[in-house]
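Participant: Protein sequence lines correspond, in order, to chains A and B. So for the first sequence, numbering that gives the first Met the number 0 puts the first residue at 0; every next one is plus one. So for the second sequence, numbering that gives the first Met the number 0 puts the first residue at 0; every next one is plus one.
Quick caveat, the hints were computed from the structure, so don't treat them as lab data. Note that CB positions come from ideal geometry on N, CA and C, so glycine has one too. All the given hints hold, so there is nothing to weed out.
Label pairs and their in silico Cβ distance ranges:
# : chain 1 : residue 1 : chain 2 : residue 2 : range
1 : A       : D96       : B       : L331      : 49 to 59 angstroms
2 : A       : E136      : B       : T58       : 27 to 37 angstroms
3 : B       : A248      : A       : G234      : 26 to 36 angstroms
4 : A       : N120      : B       : Q252      : 41 to 51 angstroms
5 : B       : T300      : A       : F579      : 33 to 43 angstroms
6 : A       : T63       : B       : L49       : 53 to 63 angstroms
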Amino acid sequence: MKKWIPWIAVLVMAGWVISTLSPGHPSAYRIREFGKLPVLLNGRVQPFDSMARNALLQIRGRQTVPATNGTLSATEWLLEAMTKAEEADGRKVFRVDNGELLALLKLPENQKYYAFNDLTNGLAELDREGKRIGEIEQANRTVFEKQLMMLFNKLALYHRLKNVLQYEGAQSFGQELEDYVKVIPAGVQAEKARSENKPYDKAAFDKLISYLSHYDFMNRLSYAMILPPSEPGQGRDKWSGAGQHLMDVVHGGELHPVMRYYANIATSFERNDPAEFAKSVVEYRVWMEQRGLTAELAKGSREFRYNDLQAFYKALVIYVLALVLACLSWINGAETLRRSSYYLIVLALILHTVGIIFRMVLEGRPPVTNLYSSAVFIGWGAAVLGLILERMFKDGIGCVAASAIGFTTLIIAHHLSLGGDTMEMLRAVLDTNFWLATHVVTVTLGYSATFMAGFLAILYIIRGVLTRTLTTETAQALTRMVYGILCFALLFSFVGTVLGGIWADQSWGRFWGWDPKENGALIIVLWNAAILHARWSGVVRERGLMNMAIFGNIVTSFSWFGVNMLGIGLHSYGFMDAAFFWLMAFIASQLALIGLGCLPLSRWMSFRDAPRPTP
Amino acid sequence: MIRSVFDSLASLKLTIGLLCAGTVLVFAGTLAQVDMGLYAAQNAYFRSLLVYWGPQGATWKIPILPGGYLVGSLMVLNLTASLIKTFEFSRAHFGLMLSHGGVILLLIGQLATDMLAVESHMRLGQGRPSNYSENGRDNELVLVDITDPKQDKVVSIPEGRLAQGGRITDSGMPFTLRVLEYQRNSTVGFQMGGGGGSVTNGVAAFLRFQKEAPVTKLEARDIPAAAIEVLNGEKSVGAWWVSGWVEEAQLAQSIANQAGPAVKRLLEQPQTFQSGGRTWRIALRPMRFYKPFSLELVKFTHKKYSGTEIPKDFSSRVRLRRPDTGESREVLIYMNNPLRYAGETFYQSGYDENDPSITILQVVRNPGWLTPYLACGLVSVGLVYHFIMHLLNFTALRRKR
Numbered sequence: 000m001k002k003w004i005p006w007i008a009v010l011v012m013a014g015w016v017i018s019t020l021s022p023g024h025p026s027a028y029r030i031r032e033f034g035k036l037p038v039l040l041n042g043r044v045q046p047f048d049s050m051a052r053n054a055l056l057q058i059r060g061r062q063t064v065p066a067t068n069g070t071l072s073a074t075e076w077l078l079e080a081m082t083k084a085e086e087a088d089g090r091k092v093f094r095v096d097n098g099e100l101l102a103l104l105k106l107p108e109n110q111k112y113y114a115f116n117d118l119t120n121g122l123a124e125l126d127r128e129g130k131r132i133g134e135i136e137q138a139n140r141t142v143f144e145k146q147l148m149m150l151f152n153k154l155a156l157y158h159r160l161k162n163v164l165q166y167e168g169a170q171s172f173g174q175e176l177e178d179y180v181k182v183i184p185a186g187v188q189a190e191k192a193r194s195e196n197k198p199y200d201k202a203a204f205d206k207l208i209s210y211l212s213h214y215d216f217m218n219r220l221s222y223a224m225i226l227p228p229s230e231p232g233q234g235r236d237k238w239s240g241a242g243q244h245l246m247d248v249v250h251g252g253e254l255h256p257v258m259r260y261y262a263n264i265a266t267s268f269e270r271n272d273p274a275e276f277a278k279s280v281v282e283y284r285v286w287m288e289q290r291g292l293t294a295e296l297a298k299g300s301r302e303f304r305y306n307d308l309q310a311f312y313k314a315l316v317i318y319v320l321a322l323v324l325a326c327l328s329w330i331n332g333a334e335t336l337r338r339s340s341y342y343l344i345v346l347a348l349i350l351h352t353v354g355i356i357f358r359m360v361l362e363g364r365p366p367v368t369n370l371y372s373s374a375v376f377i378g379w380g381a382a383v384l385g386l387i388l389e390r391m392f393k394d395g396i397g398c399v400a401a402s403a404i405g406f407t408t409l410i411i412a413h414h415l416s417l418g419g420d421t422m423e424m425l426r427a428v429l430d431t432n433f434w435l436a437t438h439v440v441t442v443t444l445g446y447s448a449t450f451m452a453g454f455l456a457i458l459y460i461i462r463g464v465l466t467r468t469l470t471t472e473t474a475q476a477l478t479r480m481v482y483g484i485l486c487f488a489l490l491f492s493f494v495g496t497v498l499g500g501i502w503a504d505q506s507w508g509r510f511w512g513w514d515p516k517e518n519g520a521l522i523i524v525l526w527n528a529a530i531l532h533a534r535w536s537g538v539v540r541e542r543g544l545m546n547m548a549i550f551g552n553i554v555t556s557f558s559w560f561g562v563n564m565l566g567i568g569l570h571s572y573g574f575m576d577a578a579f580f581w582l583m584a585f586i587a588s589q590l591a592l593i594g595l596g597c598l599p600l601s602r603w604m605s606f607r608d609a610p611r612p613t614p
Numbered sequence: 000m001i002r003s004v005f006d007s008l009a010s011l012k013l014t015i016g017l018l019c020a021g022t023v024l025v026f027a028g029t030l031a032q033v034d035m036g037l038y039a040a041q042n043a044y045f046r047s048l049l050v051y052w053g054p055q056g057a058t059w060k061i062p063i064l065p066g067g068y069l070v071g072s073l074m075v076l077n078l079t080a081s082l083i084k085t086f087e088f089s090r091a092h093f094g095l096m097l098s099h100g101g102v103i104l105l106l107i108g109q110l111a112t113d114m115l116a117v118e119s120h121m122r123l124g125q126g127r128p129s130n131y132s133e134n135g136r137d138n139e140l141v142l143v144d145i146t147d148p149k150q151d152k153v154v155s156i157p158e159g160r161l162a163q164g165g166r167i168t169d170s171g172m173p174f175t176l177r178v179l180e181y182q183r184n185s186t187v188g189f190q191m192g193g194g195g196g197s198v199t200n201g202v203a204a205f206l207r208f209q210k211e212a213p214v215t216k217l218e219a220r221d222i223p224a225a226a227i228e229v230l231n232g233e234k235s236v237g238a239w240w241v242s243g244w245v246e247e248a249q250l251a252q253s254i255a256n257q258a259g260p261a262v263k264r265l266l267e268q269p270q271t272f273q274s275g276g277r278t279w280r281i282a283l284r285p286m287r288f289y290k291p292f293s294l295e296l297v298k299f300t301h302k303k304y305s306g307t308e309i310p311k312d313f314s315s316r317v318r319l320r321r322p323d324t325g326e327s328r329e330v331l332i333y334m335n336n337p338l339r340y341a342g343e344t345f346y347q348s349g350y351d352e353n354d355p356s357i358t359i360l361q362v363v364r365n366p367g368w369l370t371p372y373l374a375c376g377l378v379s380v381g382l383v384y385h386f387i388m389h390l391l392n393f394t395a396l397r398r399k400r
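Construct all of the structure, not just a fragment, from the sequences and the given hints.
Facilitator: Laid out in structure tokens, this is it:
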């Protein structure tokens with residue numbers, strides 16, 4: 000029986016992963032089909048589903064919205080915001096944590112999320128403050144000001160979402176568009192006559208102006224471009240926003256056929272007419288296919304499936320489970336638990352890998368293109384290293400390390416994804432798959448390995464000082480692991496750093512410019528080299544090696560995150576306040592661990608009773 | 000004695016000390032960039048033998064860290080000494096020898112680059128061939144004898160000389176210059192009737208220069224200004240304000256945009272004076288490097304991703320002409336694809352924000368550019384070889400057990 004337990008654990012978790020993929024209720028099916036439709040946003044073709052999830056992550060920090068009967072998917076929430084604003088305005092999606100901000104808006108403090116309707120009383124106040132704070136440089140803003148700005152930006156985004164398909168408050172938009180097209184000739188003539196001070200058709204003029212004022216409003220708030228190029232031969236990236244297109248129609252030219260489909264989609268969703276909704280979605284797809292826009296349709300569907308899979312989230316859950324099992328296996332020494340943990344990590348790693356490959360295919364890029372994907376990839380690298388260690392040593396240490404680092408980096412990635420689209424387009428200088436595939440991947444693997452060595456060292460210290468489980472054998476095994484991983488780390492960080500220099504030489508004309516990001520990478524190389532030389536020369540032994548490896552965590556976290564917070568240099572991504580706090584907390588924790596490691600051996604629980612001469 | 004010096008130079012303890020010092024230095028130098036700016040911090044921390052520190056406002060300073068030059072050269076000595084000491088042609092040593100040799104090459108190459116490399120930039124507009132590049136950071140005061148319209152005679156005085164102040168003589172100038180005022184960085188204001196100072200000639204009649212704190216940001220740069228008096232013996236010929244604000248086309252344009260077309264015309268007139276029957280022009284401008292060939296912009300492409308401000312593609316198609324060889328051809332320079340020609344490399348750097356039709360190329364002369372490529376190869380092969388040997392030994396050992 001015991002032999003089967005690990006397999007059962009894997010089967011259960013795999014079953015869970017598969018079960019989440021079914022579309023469920025037919026109404027959900029229709030929404031999903033809409034979610035696959037492509038739009039152009041952030042310079043790239045993506046499905047409505049991505050737009051909805053990223054927006055909701057920015058506003059609410061989650062990808063779903065709780066409702067009275069179950070939960071709303073991101074796309075459903077987006078459709079509601081775009082077509083039934085009065086209902087969407089009642090959903091509690093705006094997260095506000097800051098007490099001062101709550102007081103300013105006169106909101107009760109007992110909840111986390113607030114609806115747009117809760118905020119309406121404070122809108123004027125927010126607007127006034129937002130304009131004032133907008134003038135202040137980001138780094139000089141107080142916590143309150145930053146929080147207010149965040150809410151201000153969330154509201155602005157929400158406002159823009161509401162006006163993507165039709166303007167907020169539009170009634171029977173499809174009917175209105177037909178009417179608009181009809182009134183244009185008379186209206187334009189009336190306008191011309193009026194400007195020449197001749198008698199004019201006032202009714203037609205007023206009607207046209209009233210339409211145009213709505214469309215101009217939409218245009219000014221423009222967010223996603225929903226209308227594909229009607230002549231794809233003339234450039235496939237020539238998408239346009241609904242507002243912009245409707246403003247253009249008045250200068251002659253026809254109403255974009257897709258505008259009609261979208262108007263029908265909006266109206267049928269608003270009126271709760273699922274058959275008509277589904278029909279319009281299908282008609283639009285057929286139109287796209289006829290125009291040869293199949294690549295865009297396929298991109299929408301693929302990215303939808305990627306979002307729907309949520310591979311990283313599921314891998315994260317499995318890593319946590321594996322971590323718990325591996326820790327338990329240390330406590331009671333059960334091989335079954337260790338093996339279950341090992342198998343689960345393999346499953347999680349498969350999901351993790353599938354997620355990374357899926358992203359690579361969608362973007363047409365190597366795995367690491369920004370901070371988000373670097374977090375995902377560092378975790379992946381560490382999990383692979385951990386599994387290799389576990390295969391070699393079979394003592395649960397590799398499992399704990401793999402699952403703990405995999406889980407932590409995926410949490411970090413999740414928090415980074417709250418900033419918005421994680422597949423943003425790359426600026427011209429980064430637009431080179433060769434260097435992204437070589438320099439960036441190697442450097443990131445160097446980070447993975449340095450973190451892995453540091454984590455193993457933490458295990459050594461914690462188990463040694465706080466438990467009796469650090470036997471001589473375990474201690475030696477850990478030392479060998481840390482040593483081997485550090486060799487790997489030095490190789491990758493050195494090669495990666497020099498490759499980065501060569502890339503810089505190719506694009507900016509200098510191999511080394513002492514840019515903060517370059518310096519960060521160099522520090523890792525220097526420190527890893529210092530540890531290895533200290534070990535070779537005998538300046539440090541087991542314990543010194545461990546303490547130096549933990550310090551390597553600080554060095555790597557500085558290079559990975561710290562330099563981005565300096566706000567200078569060519570590589571910086573912008574200031575991240577919450578991340579700054581966590582970085583400081585992490586550094587403090589590592590220093591505390593080093594302090595623990597410096598305790599005299601007589602205080603170490605593992606060595607107290609049988610002190611060894613020279614650990 | 001020599002033996003013991005050599006031994007301590009070759010010691011692993013020195014290696015560890017240097018690596019740790021390097022770690023601390025790079026870290027401190029990176030943090031210092033926040034306050035000092037990238038360029039100043041580089042000079043203080045990495046292009047120095049010692050890093051000095053003193054409390055704010057104090058006149059004394061004490062060395063607190065070894066600087067980049069010191070750490071770098073000691074590393075080279077340490078590596079070389081230990082390579083000599085432990086030299087042994089064996090399979091076990093091969094990887095280490097290779098990788099350490101690569102590090103030596105890298106360090107020496109970078110020290111050489113640091114001393115020999117010259118960076119400048121070139122601004123190219125359509126239909127205007129250019130045969131010089133300009134240094135963005137160093138400026139020069141030039142006195143140009145423009146009496147003969149066919150040929151200019153230029154006397155160049157580096158900006159550093161202006162900073163010292165006092166009188167300046169040069170065998171090419173039949174007169175003496177006196178620095179009345181020098182501003183490393185300046186702002187300019189428009190004021191008809193002059194700034195009220197003693198200098199009223201030329202642009203000083205309608206511009207007023209004011210001292211500004213030197214910039215710290217990487218992308219910003221100082222715009223210098225200076226008031227220079229020309230003396231014939233002890234007799235004053237006159238005094239002029241010279242500045243990048245007047246001399247650099249895009250800066251002058253920005254003043255003209257604020258002040259109007261009349262000022263633009265005034266700015267276009269060179270500041271000249273007479274001395275010894277000849278006409279001289281006086282100006283302060285970015286230092287120039289003349290080349291035996293010219294580049295002319297044929298087409299500049301600058302694309303952004305649809306609906307965003309993210310640059311997607313920069314490229315400059317330029318025509319290269321070399322009169323002495325008769326060479327004339329078109330080349331395409333774009334991101335990550337520079338032109339390497341006549342010992343210099345031309346990179347797509349950006350474009351003029353005021354006039355997006357003007358492309359800006361970064362020009363680098365770096366004789367040591369190949370060393371990192373070689374070094375990277377040596378170290379990678381060496382380390383991979385060494386670690387694979389280790390791993391094989393380790394697994395063999397485990398299997399035996």
